[in-house]
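Letter by letter, the chains look like this.
Protein chains: 4
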Amino acid sequence: MKALVYRGPGLKALEDRPKPAIKDPGDAIVKILKTTICGTDLHILKGDVATCRPGRILGHEGVGVVDSIGPGVTAFRPGDKVLISCISACGTCEYCRRGMYSHCTTGGWILGNEIDGTQAEYVRTPHANTSLYHLPEGADEEALVMLSDILPTGFECGVLNGKVAPGSSVAIVGSGPIGLAALLTVQFYSPAQIIVIDIDDNRLGLARQFGATQAINSADGKAAEKVKALTGGRGVDTAIEAVGVPETFELCEDIVAPGGIIANIGVHGKKVDLHLEWLWEQNIEITTRLVDTVSTPMLLKTVQAKKLDPKRLITHRFTLDKIEDAYDTFGHAADTHALKVIIAA
Amino acid sequence: MKALVYRGPGLKALEDRPKPAIKDPGDAIVKILKTTICGTDLHILKGDVATCRPGRILGHEGVGVVDSIGPGVTAFRPGDKVLISCISACGTCEYCRRGMYSHCTTGGWILGNEIDGTQAEYVRTPHANTSLYHLPEGADEEALVMLSDILPTGFECGVLNGKVAPGSSVAIVGSGPIGLAALLTVQFYSPAQIIVIDIDDNRLGLARQFGATQAINSADGKAAEKVKALTGGRGVDTAIEAVGVPETFELCEDIVAPGGIIANIGVHGKKVDLHLEWLWEQNIEITTRLVDTVSTPMLLKTVQAKKLDPKRLITHRFTLDKIEDAYDTFGHAADTHALKVIIAA
Amino acid sequence: MKALVYRGPGLKALEDRPKPAIKDPGDAIVKILKTTICGTDLHILKGDVATCRPGRILGHEGVGVVDSIGPGVTAFRPGDKVLISCISACGTCEYCRRGMYSHCTTGGWILGNEIDGTQAEYVRTPHANTSLYHLPEGADEEALVMLSDILPTGFECGVLNGKVAPGSSVAIVGSGPIGLAALLTVQFYSPAQIIVIDIDDNRLGLARQFGATQAINSADGKAAEKVKALTGGRGVDTAIEAVGVPETFELCEDIVAPGGIIANIGVHGKKVDLHLEWLWEQNIEITTRLVDTVSTPMLLKTVQAKKLDPKRLITHRFTLDKIEDAYDTFGHAADTHALKVIIAA
Amino acid sequence: MKALVYRGPGLKALEDRPKPAIKDPGDAIVKILKTTICGTDLHILKGDVATCRPGRILGHEGVGVVDSIGPGVTAFRPGDKVLISCISACGTCEYCRRGMYSHCTTGGWILGNEIDGTQAEYVRTPHANTSLYHLPEGADEEALVMLSDILPTGFECGVLNGKVAPGSSVAIVGSGPIGLAALLTVQFYSPAQIIVIDIDDNRLGLARQFGATQAINSADGKAAEKVKALTGGRGVDTAIEAVGVPETFELCEDIVAPGGIIANIGVHGKKVDLHLEWLWEQNIEITTRLVDTVSTPMLLKTVQAKKLDPKRLITHRFTLDKIEDAYDTFGHAADTHALKVIIAA
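Protein chains in written order, with my numbering: chain A, 3 to 347; chain B, 3 to 347; chain C, 3 to 347; chain D, 3 to 347.
Hint data in this document are derived by calculation from the structure and do not stem from the laboratory.
This structure is a prediction, so every number in the text was calculated from the model and none was measured.
Hints may be right or wrong, so weigh each one.
Since the list can't tell identical chains apart, any single copy or any two copies may satisfy a pair.
Calculated pairs, BS3-like style, for lysine-lysine (alpha carbon to alpha carbon, straight line, at most 30 Å) [unchecked claim]:
1. LYS165 x LYS309
2. LYS230 x LYS308
3. LYS230 x LYS83
4. LYS4 x LYS48
5. LYS309 x LYS224
6. LYS14 x LYS308
7. LYS4 x LYS21
8. LYS165 x LYS33
9. LYS228 x LYS272
10. LYS228 x LYS308
11. LYS313 x LYS324
12. LYS308 x LYS224
13. LYS48 x LYS309
Full structure from sequences and hints, please.
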């Protein structure tokens, strides 16, 4: 089968690989219908993700059709259309029982990282019972690819951890795909203010279309000041960090109100300065989270009820044999204005 | 009346001052029976607290008898014995309505800081309705002085913010009075492990007596390693920071388990390094808090029910005219083994 | 001044009464601008509310202008435009500290019940600091009258107690003003299904306009069956009772899903049958609540942010001298299709 | 193998039955070491449990050794010592994902009810991954039998649902095994008052030994009055119903304080009167729950940490061939003073 393979820092290739086979009783083999590329895939290609070794098939998102199942799989049958979660969860270990699927002792984020992934014609998904989801009748396949990773990530790490409430004020720092995923799902809770901050005016324009009540270009270094002005000097109840660099995290420290929350989504490569010399008495909360995808059933319902339109995140479409073009488009988002790209297998 | 007055960095004096008078309708004048000294008073004397100006009467803890009340005071009458909260709360502003008394827009920690305090024969307490508490029948006055600040601080900032649960594992970093206050109150929730970490063996001995299941002297730099060994390599569910320097906060980062909480109590003078380069995916929570004293009614009940014995924190007793000796004793705790000192006015 | 006075069961009269005066330090005298009539006022007129004695000025809702204040009032000054909460709260007692203003030991629902109310030119409001709210700049006075009682009641007793979540299913039993208030505010949380049940087709039509996803006329006795059919046989996550008779409460028992909540808003005059013989193992929760109006600040923000349009509840307008006509219109809602009526003082 | 078989109302027999075999991939066969009898087993024998058909092997509690496993079992191997939960949970269905194992769509309480149970030499346990628990090193087997059902039931349905907090007041209505299980575990949260109510003085004596702060014999019909007297006229924060008849549930209605919770544990055979005519405005919460056994890992930790001593519930011991004597002893608890009996297989 065709598969996109990581070949070491800076290198990838569309190769012929054998179709995967059932290995453990809980496995399913899924024929991929649609997949996508994640910012994390670009991190892998930069060589930033030590757990991902050369030879690995990339990709941890997708929808497909169950091809075969191991003897322990009871929730799915061959022919079932399924959403593949980016997180594999045994449902049994201490972390899974607490809903912390991201830290499953035999799962977590392994697809396209520690085991072969979804940017291929077929994929082996371990712990299928708890890691796949039935596609609702009549569901849009492309839309649901957005539920593999980006929407639960924005929602769980940003919105749920940020405890957004009706009438509250929220700032989302970073208006890339993940910031926009937080923006789409934060509206479930009817906050009064949703201030989006970025340095790219195109993305700020998108943020306004997607529901931001205010958009701030932070290139002038005055974002904190402007947020304070918009919130009566107090700051925001929830600051969502959706970039992953020290500057944006520290901006969150500056704009969070007393009693507020900084909900980190960003994948950070460096430590940040935490200004406890004044934050110690601000009664704040800071949260970090690798997405658990425990909210997938809830998100499926909101999509079915038309409370959430995931397709707004999709800007480009490719076929699997053109996946290298898809990487180019996605990797040069500033120019291509790409958010999420769909790859049909 | 006699009062201990801050005279600038390093300087204090027991002086004669006029008895305070009602200024606002919500004020009460309280005749002090017993007060104490807080670590924060030492900070003021070092010149670290900019809001506290020379000339200020120190002290923000105490029990006393209501001497007179303003026309807005309905909950207390002259002659009532009362506990004075270190936090003044109007009960009306947005923060007070959310239970964040520490950020009351016309109160907060002002006693012995922005207005004259309790290390005197009398004190004016603003917002008396919501800042004083009736002493229960037969209550021990000395015990209840511990409820002005130190016990709610350990409990709210450490234990409640730390979401301690039955069977969970807790580390308390710092075994001074505030760490011990957290240790006493953490036992309300029956954690399985309470590991106390300090560099003073005398205090670690106290921690063991007060209920620690394990005590670790961190002088050898191996505390993190030892905590991991005691917790099956996982770390603790709750790490309570009760010192206030970068090293101890960063130790908390090292020992918190995935899904765990770092509950900061320490008053920090410097920023700390937050290692988001690996913590971003650990699903942790960090909390900061200036005590709100919203738990005072709950703590009063636990004292009455003998679930909490605050007197275990009291090591020395003085009279108001010897308060400078009390400061000496409290200020040299490593030698005197002082925890909390009682000053009878 | 003119005032509508309760004269015993079935009797009321628009009378001349002396303008009220400050009695307690926390009082404010408020000149009424706009008030309204509540279903509870009709209950009083039927003689159902024992605490309300003949001679009482009715009304517990309204907006007005502060005329004078007692010495304990610090949050308001004469001339301030204010929203009057139906609940008077001292902010100090054990219940107020827990946010249970409805059970304030010296307040609660006393306006127009145990003390004179708002259907008059002036009203004395006790505990003004914690029972009045500043009108935001440019706010619509009529809209905010809906925040005195009906919207916080629908929101707190129905929506908050019902723990409505994105994607969840909700049934609202009763489509009168209070059911519609729940319907307006339940949409803050983006449930997937909002099924409204009533026996009046006009009101069901309104429910559809106000956001119901399904409307069921229960006159045929098949409502439970229909709800089950709409929810895959499972029932609803939240059943909101907004009528107050045994039949509608028992309908809620029939339609709540395992793990669901019955949130009672209805004012009941009789006991109901609780079918524990099968509900004991359904993992359900039942809540009751007299509105606390703790959500008023949150609701004010949602109105300002245009997430909530309270004026949709207003159907008729009168002046104070025509208040008896207003009662007629409101009391014959089935014919007049009245929801809430505004009375300009 | 020997097994105790239900033979229809009033009838049971110790019979020879074939050793069970693996049927589904998730099954384990467990050799029973110790089991016990539950009050529910007596209900079955009365013919009250329609789902349990004649021919069924009874019993849903026990510890044992894994004998063989199906191909889907990854968490256990033959030879592992395990605790058997009374609830079988797939870990995958919508209810299991929400922690509502009791309503697992292919599990729940099926052992000794819809499928053969544990009062035998061997048992087949479905969904073994999520329904068995490793016995900690050095654990006491008899003690852990109490974690199959009775302790999680008292804890989850009574204590957790009752939201017991430090300093709060609790009443436990019913001092049988399940009431005592609630009593043992309620102390995890350090309530100030634990009032136990029963009509059997022997059991009230036990309650005092087990930690009740007050014990009330309700035979005189004055229990509500006495509880009010003990709580300053207010009632209790949490009323735990541990009997299952209308009288005791209605007693809970009478003694719950405004803002309090009635947490039902009792298995009810009849409807009860819910006095909404006054409770509608009491801001109370009523919960029901079939135990989910989600707290088993937490309870295991509290046992290991010696915060909970389950053996206090064990009064008698038998071998499997004498299990009919065990039923006699357990069934006549008023005379035999039996709480829980251990049966060694």
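Structure-based check of all given hints:
1. LYS165 x LYS309: both (19 Å within a copy, 18 Å between copies)
2. LYS230 x LYS308: between (34 Å within a copy, 21 Å between copies)
3. LYS230 x LYS83: between (48 Å within a copy, 26 Å between copies)
4. LYS4 x LYS48: For LYS4 and LYS48, the Cα distance is within 30 Å only inside one copy (23 Å; across copies 64 Å).
5. LYS309 x LYS224: Between copies only: 29 Å across, 34 Å inside.
6. LYS14 x LYS308: Neither: 38 Å inside a copy, 50 Å across copies.
7. LYS4 x LYS21: This pair counts as within: shortest intra-copy Cα distance 9 Å, inter-copy 50 Å.
8. LYS165 x LYS33: For LYS165 and LYS33, the Cα distance exceeds 30 Å both inside one copy (37 Å) and across copies (39 Å).
9. LYS228 x LYS272: Both: 27 Å inside a chain and 26 Å across chains, each within 30 Å.
10. LYS228 x LYS308: between (34 Å within a copy, 22 Å between copies)
11. LYS313 x LYS324: Only inside one copy: LYS313 and LYS324 sit 21 Å apart there, 55 Å across copies, limit 30 Å.
12. LYS308 x LYS224: between (37 Å within a copy, 28 Å between copies)
13. LYS48 x LYS309: neither (36 Å within a copy, 44 Å between copies)
Checked against the numbered hints given earlier, the structure breaks hints 6, 8, 13 and satisfies all the rest.
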